[in-house]
Amino acid sequence: MTNLASFVCGLIFGLGLILAGMANPAKVLAFLDLAGKWDPSLALVMGGAIAVATGAFAVAGKRARSILGAPMQLPTARDIDKRLVLGSVAFGMGWGLAGFCPGPALVALGAGLPKAVVFVGAMLVGMLGYELVNRALADAAQRPQPRTH
Amino acid sequence: MIIDWQNFTPWSSLAGGVLIGLAAALFVLMNGRIAGISGVLGGLLQPRAGDIVWRLAFVAGILLAPTLYGAVTALPASTIEADYPVLIAAGLLVGVGTRFGSGCTSGHGVCGLSRLSPRSLVATMSFMAAGFATVFVTRHLLGA
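Order-wise, the sequence lines are chains U and S.
Note that the working numbering has the first sequence beginning at 1, numbered continuously upward.
Note that the working numbering has the second sequence beginning at 1, numbered continuously upward.
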């Protein structure tokens, strides 16, 4: 049942991205181009989404389990650190270069655009690279540190 | 600042945003999870038993969205100006960046801000600022 809910939510999410204009990188870049001919449309996407989702998250925050009985898994991290900021900056640079963030890139992949295949491939390589580096760092942290003089 | 009124699509963008918000709302209420695309994808790259099918189902829903949309009405144009080397660089940055930053436009931007998370607010301001700066450099300083 939760898998069906996941599928339906992904579908609604994707339809929303298309209707909103987010799946068109040219429109995303026009939104990010403050100094050029600025298309403010995408500010309304975020505004509309947040207006609808805020109430649901307030309700979810008070529950231990979801309606379908799954454990409520809301993020608990609160630290604002270098990792968060530098990672987000790198993401923003990539977003500004191509006009794709992960969701719209998947929509474009689903539409069969060859350039989306390349972008999503590179994105997955980047994510995999992160996993490998992260695992290596975690292993290194567990090993006894060599003494330095 | 010059506003591009010709391409301004307030109603469809607002309606699309409402659908995105609805998906995020249903997802947390039904499944107790954050509809963050980079997080959903990232979890598939470090697969754990019992934690795979829902992720694949969510991704399948997104992938099928253009087909369903196109069956009902004409898909809006999607113009990708970037050439292949730029797409590769951008994809790598988005992949590494969203995992280090623990989220993207959906996880931090939509879900995080809806949860009033200060951490997501900082992340969102960081990637928005970097996005604005990158487009300024590529379009107005380098003139690409």
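The set of hints was computed from the structure by calculation and includes no laboratory data.
Take the hints with a grain of salt, since some may be wrong.
Claimed, not checked - A partial selection of chain S residues facing chain U, derived with a Cβ cut-off under 8 Å:
#1 G42
#2 I52
#3 P118
Glycine is no exception: its CB is placed at the ideal position from the N, C-alpha and C atoms.
Hint by hint, here is what the structure shows:
no.: 1; hint: G42; verdict: 5 Å, holds
no.: 2; hint: I52; verdict: 10 Å, violated
no.: 3; hint: P118; verdict: 7 Å, holds
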